[in-house]
Amino acid sequence: MTAVDQSVIATLLNAWQYPFVRYALAVGILIALCSSLLGVTLVLKRFSFIGDGLSHVAFGAIAIASVLNLSNDMLFVLPATVCCAILLLVGGERAKIKGDAAIAMISVGSLAIGYLLMNMFSTSANISGDVCSTLFGSTAILTLSKSEVWLCTVLSMLVVVIFVLFYHKIFAVTFDENFARAVGTRAGAYNLLIAVVIAVIIVLAMNLVGSLLISALVIFPAISAMRVFKTFRAVTICSAAFSVVCAVSGILIAILADTPVGSTIVAVDMAGFALFALLGRLLAR
Amino acid sequence: MALISCENLTLGYDGKPILQGLNFTVNAGDYLCIVGENGSGKSTLMRTLLHLQPPMGGKITMGDGLTQDELGYLPQQTAWQQDFPASVREIVQSGCQGHCGLRPWYNKKEKALVAANLAKMGLTELQNRCYRELSGGQQQRVLLARALCATQKVLLLDEPVSGLDPLVTAEMYQLIADLNRSDGVAVIMISHDMGAALSYASHILHIGESIFFGTLDEYRQSEQGRRFAEADIADIAENGSEVTAR
Ligand SMILES: Nc1ncnc2c1ncn2[C@@H]1O[C@H](COP(=O)(O)OP(=O)(O)O)[C@@H](O)[C@H]1O
Ligand SMILES: [Mg+2]
Numbered sequence: 001m002t003a004v005d006q007s008v009i010a011t012l013l014n015a016w017q018y019p020f021v022r023y024a025l026a027v028g029i030l031i032a033l034c035s036s037l038l039g040v041t042l043v044l045k046r047f048s049f050i051g052d053g054l055s056h057v058a059f060g061a062i063a064i065a066s067v068l069n070l071s072n073d074m075l076f077v078l079p080a081t082v083c084c085a086i087l088l089l090v091g092g093e094r095a096k097i098k099g100d101a102a103i104a105m106i107s108v109g110s111l112a113i114g115y116l117l118m119n120m121f122s123t124s125a126n127i128s129g130d131v132c133s134t135l136f137g138s139t140a141i142l143t144l145s146k147s148e149v150w151l152c153t154v155l156s157m158l159v160v161v162i163f164v165l166f167y168h169k170i171f172a173v174t175f176d177e178n179f180a181r182a183v184g185t186r187a188g189a190y191n192l193l194i195a196v197v198i199a200v201i202i203v204l205a206m207n208l209v210g211s212l213l214i215s216a217l218v219i220f221p222a223i224s225a226m227r228v229f230k231t232f233r234a235v236t237i238c239s240a241a242f243s244v245v246c247a248v249s250g251i252l253i254a255i256l257a258d259t260p261v262g263s264t265i266v267a268v269d270m271a272g273f274a275l276f277a278l279l280g281r282l283l284a285r
Numbered sequence: 286m287a288l289i290s291c292e293n294l295t296l297g298y299d300g301k302p303i304l305q306g307l308n309f310t311v312n313a314g315d316y317l318c319i320v321g322e323n324g325s326g327k328s329t330l331m332r333t334l335l336h337l338q339p340p341m342g343g344k345i346t347m348g349d350g351l352t353q354d355e356l357g358y359l360p361q362q363t364a365w366q367q368d369f370p371a372s373v374r375e376i377v378q379s380g381c382q383g384h385c386g387l388r389p390w391y392n393k394k395e396k397a398l399v400a401a402n403l404a405k406m407g408l409t410e411l412q413n414r415c416y417r418e419l420s421g422g423q424q425q426r427v428l429l430a431r432a433l434c435a436t437q438k439v440l441l442l443d444e445p446v447s448g449l450d451p452l453v454t455a456e457m458y459q460l461i462a463d464l465n466r467s468d469g470v471a472v473i474m475i476s477h478d479m480g481a482a483l484s485y486a487s488h489i490l491h492i493g494e495s496i497f498f499g500t501l502d503e504y505r506q507s508e509q510g511r512r513f514a515e516a517d518i519a520d521i522a523e524n525g526s527e528v529t530a531r
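Top line first, the protein sequences correspond to chains A and B.
The first sequence runs 1 to 285 under the numbering used here.
The second sequence runs 286 to 531 under the numbering used here.
Calculated from the structure, these hints are not laboratory results.
A quick note: this is a predicted structure, and the numbers were derived from the prediction, not measured.
Treat the hints with caution; some may be incorrect.
Said to hold, decoys possible - Cut-off 30 Å, straight-line C-alpha distance, at most; resulting in silico cross-link-like pairs (DSS-like, lysine-lysine):
#1 A:230 with B:393
#2 B:405 with A:146
#3 A:230 with B:344
#4 B:396 with B:344
#5 B:405 with B:393
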């Protein structure tokens with residue numbers, strides 16, 4: 001064993017002693033798992049822009065929560081984001097205004113208001129540091145309070161359970177909404193369910209990678225898996241595995257190299273995508 | 286009593302009618318062809334029958350114990366389905382969703398139905414293949430099998446042969462005719478192909494500036510029938526495959 005190997009192991013063992021590192025890893029795995037599940041639906045239903053818009057809404061909500069000095073900001077951010085998701089989806093179906101334009105307005109508006117509020121009312125000494133970590137995730141390993149760890153765990157479990165229970169329905173509504181409607185599936189209700197679950201995933205994922213990088217966590221696993229696998233089930237399983245592996249490697253690399261967790265995970269996701277794209281090419285031969 | 290009857294139906298979008306005064310009935314075992322020019326509202330009619338959009342006026346009644354979720358539908362192809370990762374089996378089985386309610390899995394009966402319809406469409410060997418890698422004709426058979434999982438009573442087919450080559454087109458028509466004759470499935474089909482309409486249909490609904498509904502023989506005698514058939518044949522003679530390519 002070389003000296004480098006030994007120091008790597010020593011660093012990891014040392015880190016493992018701290019409970020918050022173990023929490024971070026556990027929560028990271030759960031969040032990565034559930035954020036990858038709806039990726040295929042999001043990509044194929046052209047919902048990815050809603051996901052992107054919502055992540056900015058979540059940023060605005062965090063700013064408000066921090067101004068209000070809430071002890072657990074997820075309790076405010078979560079309902080606010082879910083409400084926005086419902087509004088965007090239901091409004092988008094009804095309104096004649098182009099959906100993308102409405103989403104762009106809401107998302108840019110939330111960013112601006114969020115930053116404005118933080119600047120005007122924040123009591124923190126390091127505003128730009130706060131803003132930066134809300135946008136890109138915490139600079140060091142993610143530090144969650146015990147109650148936040150619990151909330152994350154429960155919510156991600158809930159997302160996984162809902163996904164498993166409604167798997168066939170999500171498939172039907174994603175593949176062909178008109179057909180599903182025609183044979184009596186309540187597509188509207190399932191679209192709503194999908195939107196709410198996406199909102200929950202976004203709030204969860206924001207803890208891990210920050211609000212600007214969420215889309216990466218949702219989309220990279222799905223498009224990587226779609227390069228190699230060709231059935232819905234295989235793509236779903238593969239993107240879940242892909243996401244978890246990337247998140248774990250990203251967190252470990254972040255500990256070792258002392259880099260920001262969020263962007264490290266996304267960098268690993270990108271590398272994984274490159275690998276799968278290459279693999280897909282080779283298999284297609 | 287008829288399976289589906291439409292009285293004085295008005296179709297349209299956003300308060301603007303595109304088709305008015307539509308009256309027709311579909312009985313068990315009928316084979317109704319809907320013909321008319323591009324943009325005359327054939328797909329809109331089908332979407333209205335499926336309750337995907339509300340009628341602007343008039344009434345659609347269903348009889349003979351037919352319920353709304355017993356309509357099988359083969360939509361016009363959409364481009365993005367082409368890169369959806371899904372196996373043949375996954376797609377066909379999604380046709381059973383209407384029977385599932387909130388149950389998260391497919392039960393034995395539904396699985397047997399899926400297997401039977403895969404076999405009927407000659408897809409048993411292909412069931413684990415990826416949908417997007419199949420040929421156009423195979424893809425249409427997959428969607429037909431899915432529609433059959435939803436119903437054994439009425440199939441609504443929106444241009445089921447568009448984009449298929451002549452040989453596969455003939456096979457597809459044969460398959461549909463067999464379903465109609467042997468299994469007694471009522472068929473409502475939109476078609477550009479006058480030849481097929483005249484050789485397979487039992488009833489014709491012609492929509493456009495003037496509306497005609499009646500049996501095939503009545504249509505042959507009618508003014509619209511003669512004019513449209515002649516125009517269509519001339520059209521095919523002139524620009525070859527253009528009509529089927531739309
Ligand atoms: N979603 C829509 N909103 C408004 N108008 C539409 C919509 N879809 C189709 N139309 C119009 O309705 C008419 C009939 O369309 P359609 O039913 O698709 O015709 P066909 O299937 O007979 O070619 C066309 O003039 C088309 O422009
Ligand atoms: Mg049409």
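Cross-check of the supplied hints:
no., hint, result
1, A:230 with B:393, "holds, 25 Å"
2, B:405 with A:146, "violated, 58 Å"
3, A:230 with B:344, "violated, 43 Å"
4, B:396 with B:344, "violated, 36 Å"
5, B:405 with B:393, "holds, 18 Å"
Violated hints, listed in ascending order, are 2, 3, 4; each of the other numbered hints is respected by the structure.
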